[in-house]
Amino acid sequence: MNVLLLLVPIALLLGLTGLGAFFWALRSGQYDDVDGAAWRILEDEADKPDA
Amino acid sequence: MSCCSPAYDLAVAEEEAVASADPQREELRRAGRGGEDGTVTYVFSVPAIHCGACLATVERALTPLPGVLSARANLTLRRVTVVLDRAEVSPVPIVETLARIGFPATPVDLGDLDQLGRERQSTRLLIALAVAGFAAANIMLLSVSVWSGAQAATRDLFHLISALIAVPTVAFSGQVFFRSAFSALRAGRLNMDVPISLALLLALGMSLAESLTGGTEAYFDAAVTLTFFLLVGRYLDQRMRERARSAVLGIARLAAKGATRVEGGSLSYIPLDEVEPGMILRVPAGGRMPVDARVLAGESDLDRSLVTGESAPVLATPGMRVEAGVLNRTGPLDVEALTDTRHSFLADIMAMMEAAETGRGAYVRIADRMARLYAPAVHILAAAAFLFWLIASGGDWYHALYTAIAVLIVTCPCALGLAVPVVHVIGASRLFEAGILMKDGSALERLAEIDTVLFDKTGTLTTGTPRLAATDIAEGRDSDAARALAARSTHPASRAVVEGLPEGADLAVLDAREVPGCGVEAKIDGRLARLGRPSWVAEIGSPGLGAPETSGLAFAFSGGRTAHVALEEALRPDAASTIAALERAGLVPELLSGDAEAPVRRVAEALELARFRSGQTPADKIARIRALQAGGARVMMVGDGLNDAPSLAAADVSMAPASACDAGRLAADFVFTRDSLDAVSFAFTLARRARALVRQNFALAVLYNAVAVPLAMAGLVTPLIAAIAMSASSILVVANSLRLSVKDRAGRGAAAAGPAQALPPRTERAARAPAVAA
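Line by line, the protein sequences are chains A and B. Going letter by letter, the first sequence gives residues 1 to 51 in this note's numbering. Going letter by letter, the second sequence gives residues 1001 to 1774 in this note's numbering.
Don't read these hints as lab results, they were simulated from the structure. Bear in mind the structure is a predicted one, so any value in this text is a computation, not a measurement. Be aware that a few hints might be false.
What the hints assert, rightly or not - Covered stretches of chain B (chain A as the covering partner; in silico rule of three or more C-beta atoms under 8 Å from a C-beta of chain A):
1) 1133-1147
2) 1378-1392
As the list claims (entries may be wrong) - Some but not every residue of chain B turned toward chain A, in silico, with C-beta under 10 Å:
3) F1158
4) V1167
5) L1208
6) R1239
7) S1535
Don't be surprised by glycine CBs; every beta carbon is placed ideally from N, CA and C.
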């Protein structure tokens, strides 16, 4: 039972971390051109999305 | 060009090449936005971008240009964002470079862009979706432990944690539904969001009461997964709409944005809305008339094809009245403004469009029609369950209420919420692959119901550019000379000559000049040669064989025989096969054109169209549509001109080629970017299949309810059963919708083929397209 007091917060924290990471990705423009990103992976040149 | 050759209407490409070379650089400069660090950002709309190779081609071509800090192409929005390091760097080379490599670009008005950004719902929906997804995953984790036997204090703890996650999540992510349900109720209507909101709120409320009193059954997981699934549908729907809108908004603007004013011998550039009647304006070759005007001076050919549907160029003469939007082809004109922008021909058309559009607002989407039946049925069932249990259990309020709420939760139209958007999103992406942009899902529904298709002629059934039909120019020197002369002009007739005559020796051409309204003349081998209007050419040549022709072009060396060139309107590729396919599908095609009877009759005969009307004004076209609609017909309009715009808005559903005028593209539900008219029958077939799938989805959802509702009313549904049943029905509906992405094996080759199948070379294309003599 006591282990729950540890595990439930950990589970929530991990979930929140994922949510936070998603918001960061959204804000940094990684979802601006979803179709383009699918193609860019095939390009050999070094390439990164601009902010 | 590689696989990327855009199937882009050539007339547009030409016009844009002219427009980008025109001296109105100031207009281009105004499109830039200065940053704090001195850089200037330009956003260009480049509709020709359509695959990964295009991204690399565009970026590689732009990055080395002087002053370019970064260039990034966006495939989703078909835009290129270019950052220049100083305000002094001219953006003109960027547009020219893009045009040279086959990507005609126009600057995006940043006002439009800001508005688009503000209206951008999809990001907000995506955030709501992410929050709901996070909550659904965590609550499901806790629910699984409860279902697998968590007891007493542990169960209550898990329920309370679930409540702490679920309540804020639904409050945040569910707003979309609450708002829509509220506004529907306020207007006295029922839509799908009413039962959704009710189920969400009741499930949450009941579960809260249950967990606070140490009860065993809570529906937090159901409420949150429901929100999640429904938001997936909403998000997909929204994204599709935004993408199409930004693509349509982006395709080259044809209307002038400003005008060059002539005042006491000096020229100044003024914004369009400052133009007043009486002002003297100069319209450069390649420019469009900013307002209705009267020609004062200058000689030029006017292209009215987008405005009135006339296919042949008209010679501008002093005193002639010209409508706003008419393209000035060959020479600069000085004109006197007769109206301001609010009272021009363009403004009249806009007003007609607005008036025509009201008819379409009456269309009720399938989902809403379903909701009108579904919502009352569900609410009655829940009420019946409540009353039954209240009586059967002898006044046990709690149990009766609990059962009624379970009915509402189980019947919550989760599958119904996905039934339509998933099909439409897949349909939109299939259309997108075939070069067709769709504005919103209801267009696909309306398209499936049509029984009559009205076509415009110029620019829709025909390409709008003439080509060479027949000529008696002698082969060898004469032919080479005519070709060399034609190469000095950008007039569409000259281009037809360049492409129509066989390639020969390059001749030295001296003193070439283009005489607006007449043709091109030059000295070749010391002799004067002319190519142009027959009457003008006849001044120097001796009469040719046969009767002197008045239409088409003529060519002669000074003192030599006058040879004639007949031009014809080239039909759009696959026009005949599209008409035949539509007739096979049981639709009635009809031709409505603003052009004169003779050319309309020729096109109609070439396409075996039995019904056609010529000389139609915009009002006539609307009247025809209204008459058909009054007779019970569902009408689709396919057109490109400004004169078609009101009828595009009036028809039940409408389609326009990418070469259409702004007003036409904005009014149309579908815009097709490839040359082939095949797009019309492809879209129609797809719409029919989409409708069949939507109906199947509704049938599946009803079937699910037929099983789940009796169980719920009998009080047998537990949160576990509800969660499984609801997810299963949603997955079933999505899986069924995915069948739309399966390509038909037979037929449909041309339109269904991906971008790899590009435009064939011009000569081959011209040979393939049947044509009519003009």
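Going down the list of hints, with the structure as the test:
1. With 5 residues having a Cβ less than 8 Å from any Cβ of chain A, the region 1133-1147 of chain B passes the three-residue criterion, so the hint holds.
2. Given a C-beta distance limit of less than 8 Å, the hint that chain A covers the region 1378-1392 of chain B is violated, as 0 residues qualify and 3 are needed.
3. About 8 Å separates the beta-carbon of F1158/B from the nearest beta-carbon of chain A, less than 10 Å, and the hint is met.
4. About 15 Å separates the beta-carbon of V1167/B from the nearest beta-carbon of chain A, more than 10 Å, and the hint is not met.
5. Among the interface hints, the one on L1208/B is violated; its C-beta lies about 19 Å from the nearest C-beta in chain A, farther than the 10 Å criterion.
6. The beta carbon of R1239/B comes within 9 Å of a beta carbon in chain A, closer than 10 Å, and the hint placing it at the interface holds.
7. A hinted interface residue such as S1535/B counts as satisfied when its beta carbon comes closer than 10 Å to some beta carbon of chain A; here the least separation is about 54 Å, so the hint is violated.
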